[in-house]
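Given these sequences and hints, build the entire structure.
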Amino acid sequence: LERGRRWQIEAQAEARLFDLARRHETSAPIGLDVAFEALIPMIGHDGERPAGAGPSAPADEVDGSASASARRATGKGHFEQAGRWTGAIVCGGERFVLGARALGNRDKSWGPRRWDAPKMWRWFSINVADDYHLGGIRIGTDGGDLHRGWVWRDGEHTSLAEWRLRTETAGDGITQKTCHVTAVDKRGREHVLRGDVMRVFPGGARPDETVVNEGLTAWTCDGVTGYGIAEYLHQFDAQSRPLVPIE
Numbered sequence: 007l008e009r010g011r012r013w014q015i016e017a018q019a020e021a022r023l024f025d026l027a028r029r030h031e032t033s034a035p036i037g038l039d040v041a042f043e044a045l046i047p048m049i050g051h052d053g054e055r056p057a058g059a060g061p062s063a064p065a066d067e068v069d070g071s072a073s074a075s076a077r078r079a080t081g082k083g084h085f086e087q088a089g090r091w092t093g094a095i096v097c098g099g100e101r102f103v104l105g106a107r108a109l110g111n112r113d114k115s116w117g118p119r120r121w122d123a124p125k126m127w128r129w130f131s132i133n134v135a136d137d138y139h140l141g142g143i144r145i146g147t148d149g150g151d152l153h154r155g156w157v158w159r160d161g162e163h164t165s166l167a168e169w170r171l172r173t174e175t176a177g178d179g180i181t182q183k184t185c186h187v188t189a190v191d192k193r194g195r196e197h198v199l200r201g202d203v204m205r206v207f208p209g210g211a212r213p214d215e216t217v218v219n220e221g222l223t224a225w226t227c228d229g230v231t232g233y234g235i236a237e238y239l240h241q242f243d244a245q246s247r248p249l250v251p252i253e
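FYI, the numbering for the sequence shown is 7 to 253, going by this note's numbering.
Worth double-checking, as some hints may not be accurate.
Subject to a maximum C-alpha distance of 25 Å in a straight line, what follows is the list of computed PhoX-like cross-link-like pairs (lysine-lysine) [stated by the list, open to error]: (1) K125 to K114; (2) K114 to K192; (3) K183 to K125.
Bear in mind the hints are in silico, worked out from the structure with no lab data behind them.
Put into structure tokens, the structure is as follows:
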């Protein structure tokens, strides 16, 4: 409806439904009639600029081995944009109306992505309030961990320099349950967040496989709770142990 600002999405399809407790899959018709309206500008770059030139790159980043390794694994370009959803979704005969707290991010990536290339990653999409959003990733590479990301607060964008993490896991010792995150921006501010993971798919471990556990998460900061994603990528050995310990 408005380039870079507002989109209307309508669809009718057959959806795959997963019962996470029973590990059972069924199907059901799904329909959606929703609109997405951006709350902030697009943040990121299309991969055509020099390494480290995008708005989500730390101001002091150089094109080191970790950065180069990450680009080979995850593609050349990426942007994110926070916004608000309105409308309704119908699934299995039940209608869900999106209300005032239906915030989220849209994103796009360019270039091939090799899921088996990074040693691990922790990707976060966080929408605390209309004027407070964070996004970014910590990637484990042969050259060390690469910290990338951004925060939108007080009407302006600031790059993130570091993701400090402490994860509480479920009984399997793998699946993320609670994420204690401190995102440090380039101005030295510390954004202290608690992520309570509501549900994870697929969860668990697989021997000698790459697993990306997507976690729908309630994020709380300064007493305000919003929603988003806590995504953990693991590489497992033959005994289903992560090659990088879960911090």
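Each hint tested on the structure:
Restraint check: the Cα-Cα separation between K125 and K114 comes to about 22 Å, which is no more than 25 Å; the hinted pair holds. At most 25 Å may separate the alpha-carbon atoms for a hinted pair to count; K114 and K192 meet this at roughly 24 Å. Under the criterion of a C-alpha separation no larger than 25 Å, the hint pairing K183 with K125 is consistent with the structure, at around 21 Å.
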